[in-house]
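**Q** Here's the letter readout for the chains.
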Amino acid sequence: MTEPLIYDISVPGRCGVSLPDVDVPETALPADLLRENLDLPEVSELQVIRHFVNLSHLNYSIDQGFYPLGSCTMKYNPKLNEDMARLPGMAQLHPLHDDEGAQGALALMYDLQTWLAEIAGFKAVSLAPAAGAQGEFAGILMIRKYHLDRGDTKRTKILIPNSAHGTNPATVTMAGFTAVELPSDENGDVDLEALKAACDDTVAGMMITVPNTLGLFESHIIDVIDTIHGCGGLMYMDGANMNALMGVVKPGELGFDVMHYNLHKTFSTPHGGGGPGSGPVGVNEKLEPYLPGPIVVKLEEGTDDEAPLYGRRMPEKSIGRLKAFQGNFGMHVRAYTYIRSNGDQGIRDITRHAVLNANYIRVKLQDAYHIPYNRYCGHEFVLEGRFEDVPDVHALDISKRLMDYGIHPPTNYFPLIVHEALMIEPTETEDKQTLDEFIDAMKKIAAEAHDNPDLLKTAPHTTPVSRLDEVRAAKQLVLCCRPVEVGV
Amino acid sequence: MSYIPHTDAERQQMLATIGVTTIEDLFEAVPASHRFPALDLPAPLSEMDVAAELQALAEANEHAGDFAIFRGAGAYHHFIPSAVNHILLRGEFYTAYTPYQPEVSQGTLQAIFEYQSMISVLTGMEAANASHYDGATSLAEAVTVALEATRRKRNKIILSPAINPQYRAVVRTYHQGQNLKFVGDDGSADIADLVALLDDNTAMLAVAYPNFFGQIDDLKGLAEKVHAAGALLVMVVNPIALALFKSPGELGADIAVGEGQPLGIPMSFGGPYLGFFGVKTDYVRRIAGRIVGETVDQDGRRAYVMTLRPREQDIRREKATSNICTNQGLMALSACVYLSLMGRCGLKTVAELSYHKAHYAAQQINSVPGFQVDMSKPFFHEFVVKCPKPVQAINDALIERGIIGGYDLGQDYPHLKDHTLIAVTELNRKDEIGALVDALKEVVS
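Line by line, the protein sequences give chains S and E. Reading the first sequence from the start, the letters are residues 23 to 510 in my numbering. Reading the second sequence from the start, the letters are residues 3 to 447 in my numbering.
Simulated from the structure, these hints should not be mistaken for laboratory data. Beta carbons: idealized from backbone N, C-alpha and C, even for Gly. Do not take every clue at face value.
Said to hold, decoys possible - Chain S is nowhere near these chain E residues, computed Cβ spacing over 10 Å in every case:
#1 Phe29
#2 Arg37
#3 Glu128
#4 Pro163
#5 Gln168
#6 Phe184
#7 Asp192
#8 Leu200
#9 Arg304
#10 Gly348
#11 Val375
#12 Leu418
#13 Ala441
As the list claims (entries may be wrong) - Computed cross-link-like contacts, DSS-like style, restricted to lysine-lysine with a CA-CA straight-line distance of at most 30 Å:
#14 S:Lys176 to E:Lys419
#15 E:Lys321 to S:Lys218
#16 E:Lys379 to E:Lys391
#17 S:Lys218 to S:Lys101
#18 E:Lys379 to S:Lys176
Claimed, not checked - Have a look at the derived ranges for each label pair, beta carbon to beta carbon:
#19 S:Glu323 to E:Arg287: 49 to 59 Å
#20 E:Ala40 to S:Glu307: 14 to 24 Å
#21 S:Thr136 to E:Ala54: 18 to 28 Å
#22 E:Pro371 to S:Lys320: 37 to 47 Å
#23 S:Glu58 to E:Asn181: 36 to 46 Å
#24 E:Pro371 to S:Pro42: 26 to 36 Å
#25 S:Glu410 to E:Asn157: 48 to 58 Å
#26 S:Gly252 to E:Pro39: 17 to 27 Å
#27 E:Asp51 to S:Gly87: 27 to 37 Å
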């Protein structure tokens, strides 16, 4: 099942929109500056609707079924959130509107900053970062500026465990530091001896994910934090896995100096097929002056009769702007709506049930699959997608076969420290029946791997397309379906 | 309102399967001293109560649904056909993840491929990526491409002062750890002044088109000069203006970046937006972010997949040139649907309506005593007005009359104190322009 390209159904002279006539006297256009051709598709509104609805049918999504994609927290995206972000007062507010006339938006942002700070135990939060990766970047830039402001110019290294997300080392390089990888010990924790050996006065800090990418809570996290602080470094926590921590532990109270949140994971804003995200950063007193801006501050306390007055400010020693304007506000509205709906009790329950679901699947699958580091996990766990007696079957084959059962595959081949890793994260919004169906499918696939491995090797069989020739895509690069001639 | 489906009975069954008595038992690895802290958050609310609260917050904002708006400066109030939002609200699109599993993501992948194609057409560049966070970060990523393309041997970046000041700030934030020299944007340099700064240490020269003041500079011949110095020409463009004016490709640019918000994306107080990024083929392997390419499946059917993946952070790790791991997927879809609906004819009409209304407004305002419009260069849909009073005072008076006034340029450009930047689009009716002109007359009288 495929759908033609929108250009394939284009007919010269057709248009999918009606626009008014010019209601003012016209002004001549500067002829020598004009372009001659504009090769956009020419289709009717109905054709556009059918085309994109047909395309949507080629996708798999949370709204259609179970999506246990580890490290991505594919929880239900409440419909109310979408409606709230589209209220005219939110969606039609200009980003450079004066503070006085944007008090509703600023109050929302201020409360969201406050709640996020409370959830993770930080002093202050900036909503500016557009995605988790930008939050990480902001965090490492803040660490950099903190050291430089103290005249401490020797610190050129950031330590990163080998279980880290790939973004962490890329972020470190982007900020002008050198990434130094640390090994894990036999329990999947940071190797403390290796950590101590790496710590000296050239270490600016450490980036670590909690729980780690095996889904495990670092057994000696306090020792890790103390060791880094002991050599003058700062601790960055990758908050991608906050869904395992809310109401359980506050990273700021553990001693972390800075952390980013993924509103599109923990706080239910939709992934949108790859964005937009939103990656606020939380910090303690040490880093507060360096936050990316603008942030929202309360200029005047409210009274019985009047609401407080809010305004936008750049923090005193800010690392600067990360994008134009003030973060992905539409995502802030959704996250605000989510936290407000759940409230104190709901936020606590989210983590407890996310962890309950993950452990339930883990225990149910531990006989059918090998689970390295098999202990109580957080919101996700990693199993090996391989069988010693069927060496030809790989994690990828299991993933592709899951599609035939109507389930999205787990994350494959990450973390890198587990062979043939399949990382499974159910989230709290899935009911027991759905988990049981998944467990059932995984067990059947394990049996198929032994009885009929070809069924896995050639999967998927029921999807709109079969496995793709990815080598061809990279070698015979076709990135655009129209001829474009460039000038000099 | 909670979205957790578990019943008490199910919880007990699951706990028994795991072999613990309470959920709290699962957290033994968390240091006991810090386990289960209090959470000082408001109490839960029902769906109707949350909606009422958000409605009240929304109504506390002065927005383009209630006011006539003449503010742009990087975010524009354009008409968005209803069909755009209906497609965006398809759960199959907005509740899907990044298309890492192409067999079940052809909808997202093909839409991105079509988006890339339309951005290539619009900018006149041979390739486009799946997008960056916004126009500002696209420009910051263009700097990285220029540094890589000149093999990290050059460290001077020339920026026009007429590029959006926030974009220039973002570029500096991104590259603060890289020991670069940013020059050219500390005064009122024109194109010739920027060309004079080119030397063999220059990696790129960036100009805006239209520039921040709405003007269309004549850029013929600029690319040759930049290339003669061995540098890259980067153009920051407005996508609606490109329906009328020569494309960056025609003008010889190496990279074209810009803010895609005008393409069917609401202003939404600054985000989420869409950073588009087009390049010449020579540089395509150096760009950051996702790229979708065409291929076939095992049965020979045309299909789409993320390609050139080894450039990206999850594979290249510390050697990647950027840490970006998302694109603005849903916003790229907005632009794709918008451009499909508008098509060849509609987008040009939007651009022409904006152009004619802006010029009409400029002439009317210029005729108000005390106000002077800068007509020294051709402009698109935004123009600079010298005012007889501080811009803030004028805007305060306008808001009383239901009008959101222009952007106060004195905030970013000291020499433009008391100058306002007025934006006019197809949504500004003639009577709104009349009301603005009448209000300006009253303000000065």
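**Q** So which of those numbered hints doesn't the model satisfy?
**A** 1, 2, 3, 5, 9, 10, 14, 17 and 18
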